[in-house]
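Build the full structure now, drawing on both the sequences and the hints.
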Amino acid sequence: MIYLKDITKVYEINKNNKVVALQNINLDIDEGELVVLRGASGSGKSTILSLIASLSKPTSGEVIVDEKRISKLPDSFASKYRQENIGFIFQKYNLIPTLSVTENILLPLIPLNPDEKVAKKKLDEVMARFDISHKASQLVKSLSGGEQQRVAIARANINNPKIIIADEPTANLDEKLSLNFIEILKQMKELGKTIVVATHDPLFFNLDFVDKEIKIHKGKLL
Amino acid sequence: MLLTPEILTILILDTLFVFFASISFILSIKISLKWDLNSTSQAQYKLERESFLASTIIKYIFMLKIPLFLFFIFTLNKLAIVIPGAMCGAGVVNATVYGNYLLVLKVLNLYIFASWLTLHLNDIKQENQPYTKLKFTLFIFVFFLLMSEIYIEWLMFNAIDINKIVDCCGTLYSSGANSYISEFFKIDTSVLLTIFYGTFSFIIASYLLKNRYTFSILNLVFMLISIITLIIFFGIYIYELPTHHCPFCLLQKDYYYIGYFLYTFLYLGTFYGISSLFNQQNMKKSLFFNTLYMVIVSCYPIFYYLKNGVFL
Chain B
3 MIYLKDITKV YEINKNNKVV ALQNINLDID EGELVVLRGA SGSGKSTILS LIASLSKPTS
63 GEVIVDEKRI SKLPDSFASK YRQENIGFIF QKYNLIPTLS VTENILLPLI PLNPDEKVAK
123 KKLDEVMARF DISHKASQLV KSLSGGEQQR VAIARANINN PKIIIADEPT ANLDEKLSLN
183 FIEILKQMKE LGKTIVVATH DPLFFNLDFV DKEIKIHKGK LL
Chain P
84 MLLTPEILTI LILDTLFVFF ASISFILSIK ISLKWDLNST SQAQYKLERE SFLASTIIKY
144 IFMLKIPLFL FFIFTLNKLA IVIPGAMCGA GVVNATVYGN YLLVLKVLNL YIFASWLTLH
204 LNDIKQENQP YTKLKFTLFI FVFFLLMSEI YIEWLMFNAI DINKIVDCCG TLYSSGANSY
264 ISEFFKIDTS VLLTIFYGTF SFIIASYLLK NRYTFSILNL VFMLISIITL IIFFGIYIYE
324 LPTHHCPFCL LQKDYYYIGY FLYTFLYLGT FYGISSLFNQ QNMKKSLFFN TLYMVIVSCY
384 PIFYYLKNGV FL
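Each protein sequence line maps, in turn, to chains B and P.
Heads up: the first sequence at position 59 corresponds to 61 in my numbering, and the numbers run straight through without jumps.
Heads up: the second sequence at position 294 corresponds to 377 in my numbering, and the numbers run straight through without jumps.
Mixed in with the good hints there might be a few duds.
Claimed, not checked - Within a straight-line C-alpha distance of at most 20 Å, the following computed EDC-like cross-link-like pairs (lysine to aspartate or glutamate) qualify: (1) P:Lys129 to B:Glu64; (2) P:Lys208 to B:Asp77; (3) B:Lys7 to P:Asp119; (4) B:Lys70 to P:Glu131; (5) B:Lys59 to P:Asp119.
Simulated from the structure, these hints should not be mistaken for laboratory data.
Being a predicted model, the structure only gives us computed values, none of them experimental.
Now the structure itself:
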């Protein structure tokens, strides 16, 4: 389903300062798999996620998702691809603090302009699934870290994307909440989602429901 | 050089266009030589980023250049005040040897710029960007037209001599004038009107038959015959003067700036019409603007007749 072929990514800060984030990476992720990318900060994990999400383009090589060459997509098509296929869970949740839980979760639906009933049905479904219905009308800034993350997960799922991308999802959580998140990941995998998690949290290592655990060091897969 | 605020504005904008168009020109050469969308090399990804930059620059230049044509015409009309003998833009155009060439080149460029924008729009609508190489190759040629226009524009403004008496539009647009225009005055008006309304009828017919090739060619004919009939026939009803045929005076306040509307409708109608060769959806827009033009110009003689009981 997701295929990274001979990917090299170089960030050019200026002419004399180039950072090689990835070097000739080849990676194959099948549909419905849960893949954990392990590595220290700066190893290139987030770069892989941004390439899969078509947030950035490789310096060379190719990213193919569902037989579509997404690294070749013009920006407008890349946005459409993300909208239809990708759900993001960020380290710092990236919620809008002045909006309510409901409003935050509904944000990805706005560009699609769906029927109100359809939007309501989707909203109720994800809020129930990720156990956040009881906080629906509250502003997200008044929620705890764990609750905020459940809002972020619900938001990532509202469009029913095929692929969920999580970048250091437990970096701001204590162990108990991290374990809760891992349970949620398991639920999402059971729903058939393809999930790619970038983390250096040891709680993710050697989990029985993880299909692939890939170590990255200085832009190379080990 | 005569430096009015309008000329200064045009010259400053021209300088910016030269600078930015030159960047796009260099990038266009690179892209047209090396573009290979199938390649996953570093060079190709760099070209893809550069193509986005170049096409954005070109898009904004052309999007500005098209309405700036109206500003150019407005400037010519304003300059008429300071040039002895000139009553409107026509006198200013004829004040130097460059005016007529510049005007023809500007009109030609209007169609070419809009065609490039249409091609670009069709290109970015598709995932595989099928026209990228073509649009940048085309820009290499269009760049020279753009630079020629800017250069001739500079030459024209530089050559204007406010101490030299020029001919007014009444002399320039008459049967006695020593120009190509005077040849059209020899043609019978009824023949010209038959061609004008006949062409418009054929445009409607080809629209109904969905024949975009005929539609496109007829629009080219309609553009030419519209300008000729505006000068020879319709103009005199706008001015309500049987001897006044100027295509510039109708841009003035005295005639409620009707010329700006007429030329804009005619341009949009014929541009969409000609470009329907590549995009059938443009036929409807073309017919709408051409009909607007046809109705407005036709109203003038009709209302004149209703008011005075006689045709000029």
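Hint check results:
1. P:Lys129 to B:Glu64: Holds. Lys129 of chain P to Glu64 of chain B sits at ~14 Å (cutoff 20 Å).
2. P:Lys208 to B:Asp77: 11 Å, holds
3. B:Lys7 to P:Asp119: 18 Å, holds
4. B:Lys70 to P:Glu131: 17 Å, holds
5. B:Lys59 to P:Asp119: It holds: about 16 Å lies between the C-alpha atoms, which stays within 20 Å.
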